[in-house]
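Fit chain A to the known structure of chain X by using the hints.
What follows is each chain in one-letter form.
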Amino acid sequence: DGGITQSPKYLFRKEGQNVTLSCEQNLNHDAMYWYRQDPGQGLRLIYYSQIVNDFQKGDIAEGYSVSREKKESFPLTVTSAQKNPTAFYLCASSITWLTDTQYFGPGTRLTVL
Amino acid sequence: GNSVTQMEGPVTLSEEAFLTINCTYTATGYPSLFWYVQYPGEGLQLLLKATKADDKGSNKGFEATYRKETTSFHLEKGSVQVSDSAVYFCALSASGNQFYFGTGTSLTVIP
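Protein chains in written order, with our numbering: chain X, 5 to 117; chain A, 1270 to 1380.
Here chain X stands alone, though its shape is the one from the complex (with noise of 0.2 Å):
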């Protein structure tokens, strides 16, 4: 079956430590996306990548870095930087950038200790 996983469904960590969240598509996609969703708010988008070794910041980019060397992944670094990193952490694609519907993973939820 076709689709997006993200692991670890759950992560903890302790202040200070940089986590990487991991995002792998075998849908073939192009672009790929990563939103931050907090309680009782909407996505907010953090990072987007257009095709292979390209990516782009979102709205609140500050905090976190990315990496897009294969088509099918496209991990999420949550660094120490990241004031206030706990939230629940979805990842998307779509067939292009230019295609207008997104595809979600089951999310990935970060709590610092």
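In short, the hints are calculated from the structure, not lab data.
Any given hint could turn out to be false.
Here are a few chain X residues that face chain A, going by a calculated C-beta distance under 10 Å [as the list claims (entries may be wrong)]:
id	residue
1	Q10
2	P12
3	Q41
4	G46
5	F59
6	G62
7	D63
8	F92
9	T105
10	F108
The beta-carbon is built from N, C-alpha and C at its ideal position, and this holds for glycine as well.
Here is chain A on its own, set in the frame of chain X:
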């Protein structure tokens, strides 16, 4: 700029009741409009979409019509079920494929 405003929840309905969740938008150009649904602890699933004015998106008994004159995309279902309990997000896709999401409306359907 682009933005989406949807009615605040939570919404609680009895099974078989009629559902309306309001969504209005502000956009430059001609956006596509979406409803996504999120079940507890899961990612978002595309429920329906409409890409131009007067289009009606529909899926699983849910419907929404793209109304350019009122800049609205209200979600409706004639008879809700317990399994429809979830959070519903209205969203728009503008030029460059950036998505703008509403804050979500939580729906609980009681038997």
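To see whether the hints hold, each was checked on the structure:
no. : hint : in the structure
1   : Q10  : holds (8 Å)
2   : P12  : violated (13 Å)
3   : Q41  : holds (9 Å)
4   : G46  : holds (4 Å)
5   : F59  : violated (14 Å)
6   : G62  : holds (8 Å)
7   : D63  : holds (9 Å)
8   : F92  : holds (9 Å)
9   : T105 : holds (6 Å)
10  : F108 : holds (4 Å)
Checked against the numbered hints given earlier, the structure breaks hints 2 and 5 and satisfies all the rest.
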